[in-house]
Amino acid sequence: MLENIKKEWFTQPGTNILAGIVVALALIPEAIAFSIIAGVDPMVGLYASFIIAVVISFTGGRPAMISAATGAVALVVTPLVREHGVEYLLAATILMGIIQVTLGVLKVGRLMKFIPNSVMIGFVNALAIMIFMAQLEHIFGISLDTYVYLAITLLIVYIFPRLVKKIPAPLVALVVLTAAYLMFGPDVRTVGDLGQIERSLPGFIIPDVPFTMETLRIILPFSLSMAVVGLVESLLTARIVDNATDSFSNKNRESRGQGIANFITGFFGGMGGCAMIGQSVINVRSGATTRLSTFTAGAFLMFLIIVLGDLVVQIPMPILAGIMVMVSIGTFDWGSFKYALKAPRTDAFVMILTVIIVLFTSNLALGVIIGVIFSALFFATKISRVDVHTETAGSSIYYLFQGQIFFASIDSMMNQLDFNIHDKNIELDFSGAHLWDDSAVEAIDTAVKKFEEKSNKVYVKQLNADSRKIVRELSRLNEQHLMQ
Amino acid sequence: MYKTLLLAADGSENSFRAAEESMNFIDENTRVTILNVIGTDDVKNEVLHGSQSGNVTARRKEKLSRILDFYEENGITYEVVFEHGSPADTVVNVANNGAFDALVLGTRGLNNFQEMMLGSVSHKAAKRVTIPVLIVK
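Chains as they are written, first to last, in the numbering used here: chain A, 1 to 484; chain B, 1 to 137.
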């Protein structure tokens with residue numbers, strides 16, 4: 001236990017602290033931009049990022065993973081904030097945390113295995129497209145200077161990393177161009193034009209909402225969506241960090257940890273969040289392996305907020321829009337085009353369906369859920385088909401069965417048998433099949449009985465070990481049928 | 001003939017050609033180390049497009065299978081090493097810090113676009129590796 005805590009916190013502390021500082025710097029522009037997507041004051045996203053990162057460093061299941069305010073959750077809550085205001089967002093965040101803890105206790109991490117790649121790819125693509133589209137209103141039809149600032153931002157974020165790797169390029173764009181704005185005062189909108197900003201340490205508050213069923217009715221759908229989206233992105237990110245560090249992590253502990261982090265965040269005036277793929281990759285790339293890196297990211301972010309708070313309102317919007325364009329390009333899965341052509345048609349369909357549902361409903365959670373339902377249906381359809389191959393030679397007929405024989409597939413099997421034949425030797429070969437339940441055994445009994453009514457001789461052969469076991473226990477077939 | 005050889009391979013056509021070419025410099029007494037660098041950004045693809053269950057290492061070896069089969073057919077002793085990091089820096093580090101007689105690699109990897117954006121691995125290796133380097137076109 002103590003050994004493990006030491007390993008998860010204090011392995012290579014220097015490297016991990018530096019990695020955490022780099023992440024904190026990279027988090028600032030994103031936390032502000034995601035707040036703007038959600039329609040709240042940038043402080044709501046910055047506080048959330050600080051609190052979630054610090055709490056999750058203790059409660060999470062995946063050391064070195066970074067969690068903070070994210071685009072995925074921000075996109076889900078936009079309508080809630082627009083219609084009911086930020087206090088309802090805080091209440092929804094608290095409820096989101098409670099739902100996630102519950103799901104974690106119910107060991108939902110295991111259920112993640114049932115989210116197929118097609119849905120995951122659809123999820124990241126939909127997320128990327130929505131983040132991109134949310135930027136358009138900050139880019140087009142504002143002023144010529146807006147385009148200039150956006151172009152310079154994009155140049156910096158794509159060219160600077162080729163020259164200097166250690167300093168996050170988005171932060172360089174933010175500092176250089178905000179300084180340029182303060183000097184030249186071009187015609188662009190700033191963060192201050194969108195909302196008030198206050199500089200203070202987050203304090204404990206109870207969201208100012210009426211504690212009624214009506215409130216619950218408003219926030220519950222959002223909390224559920226936030227919880228699902230948060231867990232999907234968190235557990236996907238955990239798998240990415242697992243692979244990047246060749247280590248394993250506890251997904252159920254991560255689910256509970258995410259819940260605790262969001263629960264606490266809501267009480268400190270922060271919006272909900274989850275793990276971030278991009279930031280976690282930055283962290284791991286900088287050599288981080290421990291919880292200390294995540295803790296440092298949160299703590300250093302708070303330090304930066306206090307020091308730089310006054311400047312945040314001066315940040316020109318096109319810089320943030322440019323950084324978000326970069327984030328969306330990085331989030332999008334560019335292998336999808338090949339996937340859409342080469343993957344099985346049902347997988348490609350589910351991937352595209354997931355994207356389309358999200359784009360039409362603006363709800364990432366709905367896309368994931370419907371995507372999972374469709375892929376489950378496709379799987380059930382595929383598995384409930386039994387192929388029966390027939391060969392006739394003189395007075396003997398040979399049936400070869402291929403597939404899974406169970407309650408859902410017996411109809412398809414029986415329809416392929418011809419019960420009008422008579423006075424033949426019939427061989428039923430199950431070498432390519434598996435009998436799963438009593439319905440399967442019953443169906444075979446029925447088939448044998450029907451054949452025998454027309455004076456056929458029936459032999460059942462090549463049952464595999466499992467199938468033979470349930471046939472022996474449940475079937476009326478006798479040794480003679482099973483002779484061969 | 002070299003006693004030890006480092007082959008940097010990403011599973012591309014070029015890296016296979018590098019393995020073929022290396023046959024001119026090695027025999028059954030040579031120990032070949034095949035180095036595959038897993039970029040941090042590649043891991044996202046690995047998770048989104050890979051199978052969810054099963055052994056990661058087995059899947060990573062899968063993409064090098066052509067090279068492994070080729071060496072096996074020719075009776076060459078090899079070991080496979082996976083490293084995380086930026087391809088160019090990692091290849092340079094491993095080549096300079098191991099006891100290798102030479103480094104062999106292909107001119108261009110799996111992704112032309114990335115090479116253009118990030119600078120070529122073979123170019124950096126030629127510049128910074130201190131042992132003999134064979135770049136195969």
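Among these hints, one or two may not hold up.
Partial pick of chain A residues on the chain B-facing surface, computed with a CB cut under 7 Å [as the list claims (entries may be wrong)]:
no.: 1; residue: R239
no.: 2; residue: N243
no.: 3; residue: R285
Calculated from the structure, these hints are not laboratory results. In this text the structure is predicted, and so the values were computed from the model without any measurement. Every residue gets a Cβ at the ideal spot worked out from N, C-alpha and C, and that includes glycine.
Checked hints:
| no. | hint | in the structure |
| --- | --- | --- |
| 1 | R239 | 5 Å, holds |
| 2 | N243 | 5 Å, holds |
| 3 | R285 | 4 Å, holds |
Hint compliance for this structure: every hint is met.
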